[in-house]
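Novice: Now for the letters of each chain:
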Amino acid sequence: MTHDRSPSTPADRPPGPETLRGGPGAAKPDPILVVDGLQRRFGGLVAVDVDHLEVQRGSITALIGPNGAGKTTLFNLLTGFDRADHGTWTFDGRPVHGVPAHRLVRSGMVRTFQLTKVLSRMTVLENMRLGAPEQRGEGLLRALVRPLWARQEAEITARAEALLTRFALGRMRDEYAGSLSGGQRKLLEMARALMTSPRMVMLDEPMAGVNPALTQTLLDHVRTLRDEGMTVLFVEHDMDMVRDISDWVVVMAQGRVIAEGPPAVVMSDPAVVDAYLGAHHDAPLTGSLQEDRP
Amino acid sequence: MDWSTVLTNAATSLVGLQTIVYALAAVGLNLHFGYTGLLNFGQAAFAAVGAYGLAIVVASAGLPLPVGLAAGLAGSVVLSVLLGLPTLRLRADYLAIATIAAAEILRISARSSTLREFTGGASGINGFTEPFHDLNPLPPGTYGFGPWRYHERDLWVLLVGWTVLAVCCLVVWLLVRSPWGRVLRGIREDEDAARGLGKNVYAYKMQALAIGGVIGTLAGFVYALGQGSVQPDLYGTELTFFAYTVLLLGGVARVLGPVVGAAIFWVVLSLTDTVLRGAVDEGWLTFMSTTQVGQVRFMLVGLALMFLMIFRPQGIFGDPRQIALDAR
Ligand SMILES: Nc1ncnc2c1ncn2[C@@H]1O[C@H](COP(=O)(O)OP(=O)(O)OP(=O)(O)O)[C@@H](O)[C@H]1O
Ligand SMILES: [Mg+2]
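If you're matching them up, the sequences are chains C and P in order. The numbering of the first sequence is our numbering, which starts it at 1 and goes up by one. The numbering of the second sequence is our numbering, which starts it at 1 and goes up by one.
There could be a bad hint or two in this list.
Stated by the list, open to error - Here are some chain C residues the structure puts well away from chain P; computed CB gaps all over 12 Å: (1) P66; (2) R94; (3) G98; (4) E138; (5) Q216; (6) M267.
Claimed, not checked - Computed footprint of chain P on chain C; a stretch qualifies when at least three of its residues, placed anywhere within it, have a C-beta under 8 Å from a C-beta of chain P: (7) 99 to 106; (8) 120 to 132; (9) 145 to 156; (10) 227 to 237.
As the list claims (entries may be wrong) - Derived CB-CB ranges, DEER-like: (11) A208(C) to D319(P): 49 to 57 Å; (12) M239(C) to L85(P): 27 to 35 Å; (13) G182(C) to P66(P): 53 to 61 Å; (14) V78(P) to H86(C): 36 to 44 Å.
No wet-lab data here; the hints were simulated from the structure. Note that beta-carbon positions come from the ideal geometry of N, C-alpha and C, so glycine has one too.
Could you build all of it, start to finish, from the sequences and the hints given here?
Specialist: Laid out in structure tokens, this is it:
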């Protein structure tokens, strides 16, 4: 697939991503993440095969696609939790393929997991504190001398408590994380990711299992993240939510990006509907999309 | 049966050499298994490296005691790196296999006739403790009260042993309450989550392995100095598994759990031993001989451990809530 930079986006007039023309691999005015030729196979199965993908800085981008489309695998590759067979990608202009997961986090890219990974036998507050970056007390020798890290620990605790309150977990701070409900675990994992002070958060189905009464506030939090200048890339199956919150939608099917564009445009795209319903299971999805495009 | 002997033996076991040695070995394992989730089944190897390092350097090479101690500690760190480098990136069970194999390889090599010149073969090494006893500030004599009466040499060993144990517990306490310890617990709970929060999991696991191993090596020093000799078969897999028993008894991920566990373990072994022996001598037990008592008491320990796991799986000190969460 060729990557066609849209001629309608001159560099001197950086438009919001919503005014850009869609189509797989569409260029963005100021991408924070750029992926090229990324491929991952599991035996004979090509789980991810992305020719080109850009994620606009400071936007909320939804990644949608049917089950098994390769969304989680793509997350794993980009965040260093899995190894790509081919491909390169840059974060904030720097090539980061092959960089270990923990160093990517330190450079500002954090992710959550589809299957929540709360640290069960630690309290909610300890879960949060663990997320804080550059802790002096995490060095072996300094750990022995409390005065060296006590001040920072107090600051971290204050930050953690503020976030917990924001995520409606304030009352749970001293409970073991293992005693939280499924929805609360999702909230904790997201709050904990924010403790790393990221510039880009990648959320794998953050709303799955969260009480509907709470999803609205959670959506507001996600918007707040964007307003604070963070870039959000999230996987979600709930289309209402995707329409509601995202600036841009990327659609994957069978490992490939088959469409991208503003939510309203993408969701009325017949190729996307087909991918979800599986109507043209054997037809080349990208081909049908290109035919349909004006 | 002489009940005062029974009680005296139990009282000496409470504070005795074995209690110190197994408590130390378990303090190290606690850091591995209890706090980091590392399955080290070769704690005996770390103890052996300490005991043999010390004995070989002092007795065979004739070098001073501190050199022997330094050699043991250096050997311990080298062993951690050798075991950890290839396995700590893999699933937990690889470390378990590598450590148990390494421990047996070390023991069998130490006992082989090829290396007898250095290790003394099956009979081991002795005659390396004089420099240690030369440091003893206690004048010759008998010290103590009640059931606890010791000659100056034994008391010196116990004093040093308990001091080392106390310092190790203090260090572990300082470490596990720190952010460093929090990273270890994060790794124990979910390695990927810790990695996803920017922690260099591999480096932390390596540090935990090395520190817990060094504490195991200190156990080897105390054992060797207390026994006055090293023998390969004292560093077999039983040492590791008894240390795990001690850890489970006292309660995993509790700083003082191993100390309580070791004291209970050796007091119970002493009680069952003297009581059973007495009962056989008195003719109350006719179906076994005094030589079988040694085995029977370990069967009883196994049984007791089974009941402990069924009725109090968190150990004596453990937090029952943590076990409940484990089931999820
Ligand atoms: N470790 C693995 N080994 C083998 N196959 C895998 C592995 N991980 C993922 N796959 C396969 O790769 C494909 C993509 O899986 P992935 O989990 O990325 O899908 P997804 O888009 O996240 O789906 P869902 O919406 O159900 O979470 C699937 O067919 C899956 O079976
Ligand atoms: Mg998924």
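Novice: Starting from the hint list further up, note which numbers the structure goes against and sort them upward.
Specialist: 4, 10, 11, 12
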